[in-house]
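Colleague: Starting from the structure of chain A, add chain B where the hints point.
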Amino acid sequence: MTIATRIDAPVGIHGPRRGAWHVAEYRLRNMWKWRSAIISFGIGHPVLYLASIGLGVGLLVDTSSGGVDGVPYLVFLGPALLATAALQGGGDETMFPTLAGFLWNKLFYSMRATSLTGAQIADGVLLAAGFRVLFTTLTYWLVLAIFGAVSWSTAPSLVALGLLAGLAWGAVMLAATSFVKHEDGFLSLVGRLIVMPMFLFSGTFYPLDALPLAIRWVGWISPLWHATELGRWLSYGLALPWWQLAISVIYLLALAVGGLLIGRRQFERRLTS
Amino acid sequence: MWLGERVIHARALTKTYGDFTAVAGIDFDVQPGESFGILGPNGAGKSTTMRMLGATLQRSSGDLRILDHDPVSDGPLIRAHLGVVPQEDNLDTELTVAENIYTYGRYFGLKRGYLRGRVDDLLAFAQLEDKRDAKVDDLSGGMKRRLTIARGLVNEPTILLLDEPTTGLDPQARHVLWDRLFRLKETGVTLVITTHHMDEAEQLCDRLVVMDRARIVAEGSPADLIRRYSTREVVEVRFGSDRNAEVATQLEGIGERREVLADRILVYTDTGEADLEHIVGRGFMPVTSLVRRSSLEDVFLHLTGRSLADE
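Listed in order, the protein sequences are those of chains A and B. For the first sequence, our numbering gives the first residue as 1, with consecutive numbering after it. For the second sequence, our numbering gives the first residue as 1, with consecutive numbering after it.
This is chain A alone, in the form it adopts within the complex:
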């Protein structure tokens, strides 16, 4: 064997571009081990919500006031539930791997000992979360279509919206979690103070206008509300001014890009200090 005292040709080693895919490949392999949980949750969640709230509450709403926004309650609720599932999938698949990578099994540190960079690891985690969101959104959409909550032609637009919303929230959680030094309380903080209020006050179950002005701002800053509004516009043509559509799209894009940039920088910092 010849001994190299300098690097001549890094044979078989990827350049800076491919690293994220190798991290994503690992994450997907890991998700595959949880496939039965992911699949049953992916189907169970929409079925339970649609059957209980969509049909149950929907019956009350439809008979007493003839639906919401001029459509049956199930149609009103459908896009909101799809957006919720997309956000949740995106958030879970960045938050838990990031906590694990930095704190639980410190896997990011062993990844960082290879030719990967911190930014590639961050990219890879989000990329894999994107695949998970795509799967979740497709499943959700399919169940919604079977229940008659969305029309069959909305598949491409609603799935694309789900992907955008999931990536936006995934990137936010990627960035936030990358700063967590001790896990104590972080998960319950996120769950109780952020995710739960977001779910309740984003116009998911009733239009945001139904809330007093004093708490309507929760909806305005919530990516879930923006995704939900866009979903309703795509699904049954909810009347929205063009500027609100633009703000919602830009807001979600900004969260995705901003979250990823902050996450990348913090991953890199944390793995080199």
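There are no misleading hints in this set.
Estimated spans, in silico, between C-beta atoms of each pair:
#1 135/B x 138/A: 25 to 35 Å
#2 58/B x 47/A: 45 to 55 Å
#3 239/A x 58/B: 52 to 62 Å
#4 43/A x 178/B: 46 to 56 Å
#5 133/B x 43/A: 22 to 32 Å
Output of the computed footprint for chain A on chain B, the stretches with three or more beta carbons under 8 Å from beta carbons of chain A:
#6 52-62
#7 73-81
If you are wondering where the hints come from, they were derived from the structure by calculation, not from laboratory data. As the structure is a computational prediction, the values presented were derived from the model and not from experiment. Glycine residues also receive a C-beta, built at the ideal position from the N, C-alpha and C atoms.
Modeller: Below, chain B alone, put in the same frame as chain A:
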């Protein structure tokens, strides 16, 4: 800059954290194919040095070239040619033994076809063939260590960095590991090893530096360091912990010098047996006595005034 016959080149290498200096301007070179040791107590700066060598921790000042590249600008390129065995096994407990090596290879972007053969070879090297499909948690400490080493070899590294490779292993597991590392060295891989076990440094290292309090205090081969900083032999005598210090004052003139530890007196000499007779001749009957060859432990004691074992 062309380094010639050096795979690592460090000059005035320094790492500080605020007011704290973890590594205070150290100089050393590592030659290709060499087995280079960094010996020192816990907290001496060994692991910090290792992380800078692994291109995962940026230096505060000084010069560092690894494989003729600067880790600040070429970290990924350098790491592509390094194997890293960290102090704590950070294996993926959700994967099997074979999957750990395979996945790690994929992080480097190594091709699937190449990795299938490579995983088999490395499992054989690590003597883990029959554990191939076992979960990591079911392995013994020695097996985990061997798997971590095998994983670190997946990219055919030019330099393998081992941080305290046998700490926490039982004697038998240590010997198995040393044997594997010898074989690796025979294939031409450069080894850089940190340890606070002097026997490990003596076993494995062609050349080593002794670090203490962030600085290098000596450099040379184990035999060289012993020759320079110690005598050929050491007489160890124990008189009971309450009497050692008192007896030591009365051993003036015996051996070249003496060190009093909590539990024993060390007499440095080239003529151990004769000096032990002198001690007994002066009327001191030790509870136990031993004449042995000098070791790196003695070198360390001499250089720092502290025992490695005390740390």
